[in-house]
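Visitor: What follows is each chain in one-letter form.
2 protein chains.
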Amino acid sequence: MTDKILELLEEKHYSELKEILSETEPADIAYMYEELPEKNMPLLYRLLPKELAAEVFVELDADTQEMLIRGFSDAELKEVLDELYLDDAVDIIEEMPANVVKRIIRHTEPEMRAGINEILNYPKDSAGSVMTIELVDLKESMTVQDAFTRIRRTGLDKETIYTCYVTDKNRILLGTVSAKDLLLADEECVIADIMATNPIHVHTHDDKEEVALELSKYDLLAIPVVDNEDRLVGIVTVDDAIDVLQEEATEDIEKMAGITPSEKPYLKTGIIDTCRQRIPWLLLLMISSTFTGKIITHYEDALGELLILTAFIPMIMGTGGNSGSQSSVTVIRGLSLEEIEFKDIFKILWKEFGVAILCGLVLAVATFIKVITLDGESAMIGLVVGLTMFFTILLAKLVGCVLPLLAKKVGFDPAVMASPFITTIVDALSLVVYFDIASRILNI
Amino acid sequence: MTDKILELLEEKHYSELKEILSETEPADIAYMYEELPEKNMPLLYRLLPKELAAEVFVELDADTQEMLIRGFSDAELKEVLDELYLDDAVDIIEEMPANVVKRIIRHTEPEMRAGINEILNYPKDSAGSVMTIELVDLKESMTVQDAFTRIRRTGLDKETIYTCYVTDKNRILLGTVSAKDLLLADEECVIADIMATNPIHVHTHDDKEEVALELSKYDLLAIPVVDNEDRLVGIVTVDDAIDVLQEEATEDIEKMAGITPSEKPYLKTGIIDTCRQRIPWLLLLMISSTFTGKIITHYEDALGELLILTAFIPMIMGTGGNSGSQSSVTVIRGLSLEEIEFKDIFKILWKEFGVAILCGLVLAVATFIKVITLDGESAMIGLVVGLTMFFTILLAKLVGCVLPLLAKKVGFDPAVMASPFITTIVDALSLVVYFDIASRILNI
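Residue numbers (the working numbering), protein chains in the order written: chain A, 1 to 444; chain B, 1 to 444.
Only chain A is shown next, with the shape it has when bound in the complex (with noise of 0.2 Å):
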């Protein structure tokens, strides 16, 4: 397809090029565009009809929608910004460079620039910042047939029309009236007797990720945003929401690796950018290893004695760490999907307690065997082996469903809690035991 394009594009078959991009979903379309080379980014730019040039705009790359905004003329980039949706403008102009912004600003409606303004002023991160102000509002007196003439004269700028919010004169939200609902209702009746009251809702500061998992919990296309004073002020519709789900998923596994998360996909990523994002991580647990050394080094006079033991080093930080991440990351899910809470904390203890025996036992058996068969070992270095087996896998589960309990608890991120960070806790927790039970049992 990317091929065919270029093909006609070289031998200027606009005409037919033309129609087949106006049967191509724009998110297709974007996707090819910016396979083909950087420089016939213009003309086929111009080559697509105005709306649908919009929505591919939208689609594509902050980099190539700056290339494009730059090459405009002052009348191409108003025609692009009268068709956008608020929200989508907004995503655009935070990736933009300043002296882009203010172009962009000077180029919109006055109403569409106020919105803008409101919309940059939420915090990151915040309901207020990925809600849209555009959304079909109705009063409690109207009827039915009131109603769609509204939604007739107002929908079509509007990103839902399915959900219509019904307010006071204050702005005040009173209920929701879902489109379902007014095509089945009779033409004269009052919105007021249809309506949904106490319509699920959120406030402007709540964090994004919350809102989406509401969203979802209910089932809706879209949630309402309200201010301080309860008055209606946007709506946060299901394909952000979604969008938001998927990034903080992938936040929260970046994390969970010891990365700090970033918001652009890999590839585009540049090599400088990635490392700064994995760097800090590598280094600090680094240095943290320092005390697992020191606890070798302390013990070195009795490994002198028996070499042997240190062969076994690599399993058992190996099956701790991997115990522990199982916990952690278990949990870490959990409290993002707001399926488990810091109350539940003796409930998921006394679970994992139980599983820490269970996967203990299992592991410290197969290891002894393993030690005296697989490894030709005695029996002795068998029982000191599988004994710390036995309580490593103990203290990894039990440090692996605390910490990211406790780090929601004083307000830290659970997620930074998981699998690098626990595994040095636990490799030094597993060496002190590895070599305390060998001294005990063996005498050395």
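Just so you know, the hints here were simulated from the structure itself, not pulled from any lab data.
Where hints are given, some of them may not hold.
Said to hold, decoys possible - With a Cα cut of at most 27 Å, we get these calculated BS3-like pairs of lysine-lysine: (1) K343(B) to K268(A); (2) K102(B) to K347(A); (3) K343(B) to K347(A); (4) K264(B) to K351(A); (5) K12(B) to K409(A); (6) K343(B) to K217(A); (7) K264(B) to K343(A); (8) K343(A) to K268(B); (9) K217(B) to K18(A); (10) K217(A) to K180(B); (11) K39(A) to K351(B); (12) K4(B) to K347(A); (13) K217(B) to K268(A); (14) K343(B) to K39(A); (15) K78(A) to K180(B); (16) K180(B) to K139(A); (17) K409(B) to K409(A); (18) K409(B) to K268(A); (19) K217(A) to K4(B); (20) K217(B) to K217(A); (21) K180(B) to K180(A); (22) K217(A) to K18(B).
Said to hold, decoys possible - Some residues of chain B that are not near chain A, with every Cβ distance over 10 Å (derived): (23) E19; (24) I69; (25) R106; (26) A114; (27) D125; (28) L383; (29) D436.
To be verified - A few chain A residues facing chain B, derived, Cβ under 10 Å: (30) E25; (31) A54; (32) N170; (33) N198; (34) I253; (35) L267.
Each residue gets a CB set at the ideal place from its N, CA and C atoms; glycine is no exception.
Once you've looked at the hints, dock chain B against the given chain A.
Guide: Same frame as chain A, now just chain B:
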């Protein structure tokens, strides 16, 4: 709130209780009911008005649903079933034991029964298994007014009326019309003139995760599902797509941490089941770490001479493991979100190579400084450990990015390749590098 309900229940203030419940969201009622003692459940459930009862039923845990069904009279069961959407009914049936399923099937309307059987026949995790067959279908020749009449007549039982699907007499999918298009169009317009042709669609056997990603990519409220002959058989709605995306993210996270994914939330999974999810990986990784042990044993004599080298093993293996996870987890998440594909392998390798060189240099210098200052060792030891760090990071990052890509290529799950598995490989490689460099530089 929960206490209040229990109080009203015990004091038999049923009408007040009913009033409170009728103002509460189904998801919240289900959450509260689950918190209350199980013995109150049947009575509490019967306090709900018919339609709300069905909505609450859908939100309950499978165990509670089963308990309620077993207590229902045939008439009560039929009442709930009649109110359920088809896809919710299928979700419930999938969790029930065979005898309960039989009873459910016996009491459903013939039409719904056919639908349930159809969906149950699709493979697990396919589009067919998460779709609903309840949709509004229109014909090309209808006018907008005809369409509204049809929506009003059949729409009440449909999960969404906001996208209508236009099919020909053989049920081949021709196009879609949104309720917005209908509302904004003239009543006399013919559907053929306002429908969007070539609609985005998926096939019954497509993976449900891909279906959810498609829906999110094109910002749809529902995506049509067609069979092998391009006949429309159902739709997947956005609320189910969100659930799929959240489940898949959780599964990926679990696999990355060496846990066999489960479908149940953490607190609902028993200790034995949790152990079953976790022990296989711990065992596998424990046994595979035999290699690292063997490597250490192999170099044991050399170690005897310079025991201090063992003190740095945890640091080297830890940094290797962390570097490898950083790369693998980034690649795995990129693959899941379809941001990267196998054909990007050279771009990724090139990038990770650059990142590895830079990270490696920084960490090597930091390690050298740490070893000669904090640890007070000689410059030669510092050199050995620093060089090892550099090569370990290089190897770890390359293994970390290549393995998930290869897994994807040959049809394995990339997420299973993550942290624990790659760590084991990197551990072994880094030890070989360590002892090799040590024996060259220190002539042992």
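Visitor: Run every hint past the structure and note whether it holds.
Guide: Hint check results:
1. With a CA separation close to 16 Å, the supplied pair K343(B) and K268(A) stays within the 27 Å bound.
2. Annotation: proposed proximity of K102(B) to K347(A) is violated, straight-line Cα distance about 35 Å (limit 27 Å).
3. With a C-alpha separation of about 46 Å, the suggested pair K343(B) and K347(A) falls outside the 27 Å cut-off, and the hint is violated.
4. With a CA separation close to 15 Å, the supplied pair K264(B) and K351(A) stays within the 27 Å bound.
5. Proposed proximity of K12(B) and K409(A) is contradicted: the alpha carbons are some 38 Å apart, above 27 Å.
6. This hinted pair does not check out: K343(B) and K217(A) have alpha carbons roughly 37 Å apart, beyond 27 Å.
7. Between K264(B) and K343(A), the direct Cα distance comes to roughly 20 Å. Compliance with the 27 Å bound is thereby established for this hinted pair.
8. Straight-line distance between C-alpha atoms of K343(A) and K268(B) comes to about 16 Å, which keeps the hinted pair within the 27 Å bound.
9. Distance restraint check for K217(B) and K18(A): the Cα-Cα separation of roughly 23 Å lies within the 27 Å cut-off, and the hinted pair is therefore satisfied.
10. About 25 Å separates the Cα atoms of K217(A) and K180(B), which keeps this hinted pair within 27 Å; it holds.
11. Note on K39(A) and K351(B): the hinted pairing holds, with a Cα-Cα distance of about 24 Å set against a maximum of 27 Å.
12. For the hint linking K4(B) to K347(A), the alpha-carbon distance of about 24 Å falls within 27 Å, and the restraint holds.
13. At roughly 18 Å between alpha-carbon atoms, K217(B) and K268(A) fall within 27 Å of each other, so this suggested pair holds.
14. Distance restraint check for K343(B) and K39(A): the Cα-Cα separation of roughly 24 Å lies within the 27 Å cut-off, and the hinted pair is therefore satisfied.
15. Of the supplied pair hints, the one linking K78(A) and K180(B) holds, its CA atoms being roughly 26 Å apart against a limit of 27 Å.
16. With a C-alpha separation of about 20 Å, the suggested pairing of K180(B) with K139(A) holds against the 27 Å cut-off.
17. This hinted pair does not check out: K409(B) and K409(A) have alpha carbons roughly 42 Å apart, beyond 27 Å.
18. A threshold of 27 Å between alpha carbons decides the hint, and for K409(B) with K268(A) the separation of about 22 Å falls inside it, so the pair holds.
19. Simply put, K217(A) and K4(B) have alpha-carbon atoms about 23 Å apart, close enough for the 27 Å limit, and the pair holds.
20. Taking the CA atoms of K217(B) and K217(A), the gap is about 21 Å. The hint holds against a cut of 27 Å.
21. A C-alpha spacing of about 11 Å is found between K180(B) and K180(A), which places the hinted pair at or below 27 Å, so the restraint holds.
22. A threshold of 27 Å between alpha carbons decides the hint, and for K217(A) with K18(B) the separation of about 23 Å falls inside it, so the pair holds.
23. Once the 10 Å rule is applied to beta carbons, E19(B) is consistent with being away from chain A; the minimum gap is 13 Å.
24. Against the 10 Å criterion, I69(B) stays outside the reach of chain A, whose nearest CB is about 23 Å from its own CB.
25. Consistency note on R106(B): stated as away from chain A, and its beta-carbon is indeed over 10 Å from all of that chain's, at 29 Å minimum.
26. At the 10 Å boundary, the C-beta of A114(B) stays outside the reach of chain A, the nearest C-beta of that chain being 25 Å off.
27. With a least CB separation of 18 Å from chain A, D125(B) remains clear of the 10 Å interface cut-off, as annotated.
28. The claim that L383(B) lies off the interface holds: its Cβ sits roughly 16 Å from the closest Cβ of chain A, which is beyond the 10 Å cut-off.
29. Interface exclusion of D436(B) from chain A stands, the closest Cβ pair being 17 Å apart, more than 10 Å.
30. For E25(A), the suggested interface contact is upheld, since its CB lies about 6 Å from the closest CB of chain B, less than 10 Å.
31. At about 14 Å, the closest approach between the beta carbon of A54(A) and any beta carbon in chain B exceeds 10 Å, and the interface hint on this residue is violated.
32. Against a cut-off of 10 Å between C-beta atoms, the interface hint on N170(A) is violated, since the closest Cβ of chain B lies about 23 Å away.
33. Interface restraint check: N198(A) against chain B, minimum CB-CB distance 6 Å, threshold 10 Å, status holds.
34. The interface hint given for I253(A) is met, as the beta carbon of that residue sits about 5 Å from the closest beta carbon of chain B, less than 10 Å.
35. A least Cβ separation of about 6 Å between L267(A) and chain B falls short of the 10 Å threshold, and the interface hint therefore holds.
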